[in-house]
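Trainee: This is what each chain is made of:
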Amino acid sequence: GAGVSQSPRYKVAKRGQDVALRCDPISGHVSLFWYQQALGQGPEFLTYFQNEAQLDKSGLPSDRFFAERPEGSVSTLKIQRTQQEDSAVYLCASSSQRGGELFFGEGSRLTVL
Amino acid sequence: DQQVKQNSPSLSVQEGRISILNCDYTNSMFDYFLWYKKYPAEGPTFLISISSIKDKNEDGRFTVFLNKSAKHLSLHIVPSQPGDSAVYFCAASGTSGTYKYIFGTGTRLKVLA
Chain C
153 GAGVSQSPRY
163 KVAKRGQDVA
173 LRCDPISGHV
183 SLFWYQQALG
193 QGPEFLTYFQ
203 NEAQLDKSGL
213 PSDRFFAERP
223 EGSVSTLKIQ
233 RTQQEDSAVY
243 LCASSSQRGG
253 ELFFGEGSRL
263 TVL
Chain Z
9 DQQVKQNSPS
19 LSVQEGRISI
29 LNCDYTNSMF
39 DYFLWYKKYP
49 AEGPTFLISI
59 SSIKDKNEDG
69 RFTVFLNKSA
79 KHLSLHIVPS
89 QPGDSAVYFC
99 AASGTSGTYK
109 YIFGTGTRLK
119 VLA
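Quick note, the sequences are listed as chains C and Z, same order. The first sequence begins at 153 in my numbering and counts up by one. The second sequence begins at 9 in my numbering and counts up by one.
These aren't lab readings, by the way, just hints derived from the structure by calculation. Hints may contain errors.
If you want a taste of the chain Z side facing chain C, the calculated C-beta under 10 Å gives, among others [as the list claims (entries may be wrong)]: (1) Thr-53; (2) Phe-73; (3) Lys-76.
Residues of chain C clear of chain Z, computed beta-carbon distances all greater than 10 Å [said to hold, decoys possible]: (4) Lys-163; (5) Lys-166; (6) Asp-170; (7) Ser-183; (8) Gln-193; (9) Leu-212; (10) Pro-213; (11) Val-226; (12) Glu-237; (13) Leu-243; (14) Gly-259; (15) Val-264; (16) Leu-265.
Glycine residues also receive a C-beta, built at the ideal position from the N, C-alpha and C atoms.
Based on the sequences and whatever the hints tell you, model everything.
Mentor: Next up, the structure:
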């Protein structure tokens, strides 16, 4: 597709459930970022991939959060044993080069009940 | 500690007048700055960027000014239009390491017709 595609757009999970959020970046973009945006806040960095290598995961809030990009294109952010504080919009962004402009998807809104 | 700050959560401006959105940063290693615009239920979209080797960058109605000594940047929109009503985020990055972008908390701009 022409832009960054994320799915699902909306996810409601019961506390303790595992969720998986998918990101399909712009074709050919080597850099991929995941951000978490809580209500009324700016996007907070979670993790960064260059191709299939996860070069920075310093923003992942706990070991319940896991991200992968096994073939250097599609990425999945997995949250295990979800908690209410995980409720947020999860944004994926890709870039054609290191340090270039980020192109964002529409986000996946996660609500944990 | 917030490395990128947008101290005005909201701003209202009359159509046709100038909108000035401000952003401050604390990390002297930041050398690349971007502004993003976000409509509800959409991902942020790139507006304009500036490298630290410049103090001004202009693109149509949008101009970004950078004052490195004050660690301050601003986005000017002239003339403001009702379609500019959105949340604006500034973001900063350093050219070493991850190139991860650190975002401010955003300023909601409302342009009154």
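Trainee: Taking the hints in turn, state whether each one holds.
Mentor: Hints, verified against the model:
1. The beta carbon of Thr-53(Z) comes within 7 Å of a beta carbon in chain C, closer than 10 Å, and the hint placing it at the interface holds.
2. Residue-level restraint check for Phe-73(Z) is violated (minimum Cβ-Cβ distance to chain C is 19 Å; threshold 10 Å).
3. For Lys-76(Z), the interface hint is violated, since its Cβ never comes within 10 Å of a Cβ in chain C; the closest pair sits about 18 Å apart.
4. Under the 10 Å C-beta cut-off, the non-interface status given to Lys-163(C) relative to chain Z holds; the minimum distance is some 15 Å.
5. Interface exclusion of Lys-166(C) from chain Z stands, the closest Cβ pair being 24 Å apart, more than 10 Å.
6. For Asp-170(C), the non-interface assignment is confirmed: its Cβ lies about 24 Å from the closest Cβ of chain Z, beyond the 10 Å cut-off.
7. For Ser-183(C), the shortest C-beta to C-beta distance to chain Z comes to about 7 Å, within the 10 Å cut-off, and the non-interface label is violated.
8. The Cβ of Gln-193(C) does not lie farther than 10 Å from every Cβ of chain Z; its closest approach is about 6 Å, which violates its non-interface assignment.
9. Separation of Leu-212(C) from chain Z is adequate, the least Cβ-Cβ distance of about 12 Å exceeding the 10 Å criterion.
10. The beta carbon of Pro-213(C) is kept farther than 10 Å from every beta carbon of chain Z, the shortest such distance being approximately 15 Å.
11. With a least beta-carbon separation of about 17 Å from chain Z, Val-226(C) lies farther than 10 Å from that chain, consistent with its non-interface assignment.
12. The claim that Glu-237(C) is not at the interface with chain Z holds, since no C-beta of that chain comes within 10 Å of its own (minimum 18 Å).
13. Distance check for Leu-243(C) against chain Z: the nearest CB is about 6 Å away, which does not clear 10 Å, and the non-interface claim fails.
14. For Gly-259(C), the shortest C-beta to C-beta distance to chain Z comes to about 5 Å, within the 10 Å cut-off, and the non-interface label is violated.
15. The Cβ of Val-264(C) sits about 19 Å from the closest Cβ of chain Z, beyond the 10 Å cut-off, so the non-interface label holds.
16. The claim that Leu-265(C) lies off the interface holds: its Cβ sits roughly 21 Å from the closest Cβ of chain Z, which is beyond the 10 Å cut-off.
Comparing the model with each numbered hint stated earlier shows that hints 2, 3, 7, 8, 13, 14 do not hold.
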